[in-house]
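Chains as they are written, first to last, in the numbering used here: chain A, 1368 to 1536; chain B, 216 to 595; chain C, 3 to 87.
The hints are simulated quantities; they were obtained by calculation from the structure and are not laboratory data.
Be aware that one or more of the hints could be misleading.
[Unchecked claim] With a straight-line Cα cutoff of 25 Å, these simulated DMTMM-like cross-link-like pairs (lysine to aspartate or glutamate) come out:
#	chain 1	residue 1	chain 2	residue 2
1	A	LYS1466	B	GLU535
2	A	LYS1518	C	GLU42
3	A	LYS1494	C	GLU42
4	A	LYS1470	B	ASP245
5	B	LYS494	C	GLU71
6	A	LYS1494	C	ASP48
7	A	LYS1518	A	GLU1474
8	B	LYS494	C	GLU77
9	A	LYS1470	B	GLU482
10	B	LYS392	A	ASP1467
11	A	LYS1518	B	ASP314
12	B	LYS253	B	ASP560
13	A	LYS1473	B	GLU482
14	A	LYS1470	C	GLU42
15	A	LYS1448	A	GLU1535
16	B	LYS537	A	GLU1474
17	B	LYS253	C	GLU77
18	B	LYS270	C	GLU77
19	B	LYS547	A	ASP1467
20	A	LYS1527	A	ASP1496
21	A	LYS1486	C	ASP48
22	B	LYS270	C	ASP48
23	A	LYS1470	B	GLU546
24	A	LYS1473	B	GLU535
25	A	LYS1473	B	ASP245
26	B	LYS547	A	GLU1437
Fair warning: this is a prediction, and the values are worked out from it, not measured in the lab.
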Amino acid sequence: MTLTARLLAALSLCLLTLSPLTHAANQTLTGAAPNFTLPTFGKKQLSLNDFKGEVVMVNFWASWCGPCREEMPLIEDLHKKYSKLGFTVLGVNVDANPKDAAKMLKEIPVSFPIGFDTKNKVSELYKVDSMPSTVMVDRKGNMRFLHRGYKPGYEADYEKQIRALIREP
Amino acid sequence: MAVTDLRRWLILLCTLLFALQARAAVLPPDRADIMYHKYDGGGMTIDGPSLLVRKSVSDNVSLSANYYVDQVTSASIDVITSGASPYTEERTEYSLSGDYLLNKTIISLGMTTSSENDYDANTWFFGISQDFFGDLSTLALSYSYGADDVGMSTDETFDEEIRRQNYQISWTQVVTKNLIMNLNYNIITDEGFLNNPYRSVRYRTETGYNFEAELYPETHTSHSVAVRARYYLPIRAAFLFEYRRFNDTWEINGYNLEFGYIQTFLEHWTAEARIRYYKQSDAEFYSDLFNRAEEFTYRARDKELSEFTDTTFGVGISYEFKPQWAGHWIEKASANLMLDFINFDYNNFRDLRVDNRPVGEEPLYSFDATVTRLFFSVWF
Amino acid sequence: MKTTATPRHSARWRALALLILTALLASGCSSIKPWVKPYERTNLADPIMSFSRDPVAQVYMHHVYQAREGARGSEGGGGGGCGCN
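One chain only, chain A, in its complex shape:
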């Protein structure tokens, strides 16, 4: 088989394997959100179950992640806007050293609770496969939406989903 023929075969293979995106940026989920307990800055521990009855936006972030830094102020805006309507953001920081997270929070202060998943147990539990990752949990404690990564414009999707979930009983 000549080289050109081989390349044409490769090209056809390209087209054949052009499958739908293996990982969609925006996905619906089903099932109960696994509970977890994490340490925080203060003495109190943080559990997902503490927020049952509220819409929770679980946001996995790290200080070394560029897109996480980009979306943090926007997430803070969402938290401030909808927290009185039964919504909260729950930040899960995956830094190996919480000091790095603290440094970033000094530059980008937030008012929502943050748990430190230094051993990455919660990340494993939620099968986190991109940074950042956002999981929307409804009032009944079920996972509803997953967002992989952050690109400008995602915050509009977040807001749409939050408003829809808040309206649910």
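Start from chain A and add chains B and C according to the hints.
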């Protein structure tokens, strides 16, 4: 050439297609760098500025521009022994490039133009880079085309060309949480007037030796393969490793081996140290002393094509800070100084400034050079 | 001692094509799970682990060597980083 062109287009098209299957990567961060560079060694001093600005102009596009100047003052061994007088010269280079992010693919386009009083060079490049395996692997392919105009300051009618093509494939792999490696294969092929119009070779005469113009083949193809690694140590330090092998159609075989260590300390400071060893064999048509004029079709006495080794010891220090007065405009800034000390040791290039030796038995040449890089970077 | 420089591209192109083909097949292969998870990339995201930490300084050093050594090529490295998005 038609079939080869088709092959190349197919490869590029293939790469573009599989690019559409994936998710997202990130563009390089916005930054500006201003550097003062200086090379001082072997009777030559070359210094000047280098400026770089990189800015994202939209969510998917990042542009960068570079301005670079070499101010040359040369009284090198080539100049002295050929009887020429020391000269000064200036070379200016401009580069512009753009990166376009499409899911997990980055497409890059760019061009560089460089000019001095007797040489103009233009290069255009295209690159495509793809992340996959959960972002643990990056495959990058690039192609560049260069067109040079070679002139002579002493002869206005002299006008030659060089055409250069460069194919590169690079694979970067995250091996463990602490180890990242890169494998790079590069083919460069040029054709045209490849020698230096001012340089000469020497040949034996009855009374000693004489000079005649050098003459190189009209084509040159080279292959290089390199492996690099960075290994992280939990004390905020890293080991660096590089090994590159080179060979070409002029029968030069070379390799370099580099080890380095970087350490961050006291939160703001980073120090690094490197050691690099390079060794090459000479070109097939190289000789320090030919037996007679036009002994062979091709002849060179450029020490760059001789058999030699060079050893570099480099140190660097950086201070990173966040300028409070800049507010939100500047994310962080750094001040850096790097010094490299290189020793060149030639095995078959002789120092003709020494005139009390029989022809062909002059001492072998060696010299030291110091390279200084002083630069400031800002990220915004 | 005339040098005939005849580039032998075909073997190299074959190798290149095979590599790309492998990459194509591999990218369609979602069964290979990343062994370093996206949240485990703290160390890899450290600037000192970047192959192109100070591009201006690095490019200049390559130029210093290229102008004085016979070897050229394979001078850069990319990829790695935070692996985000």
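If you check each hint against the structure, which ones fail? none
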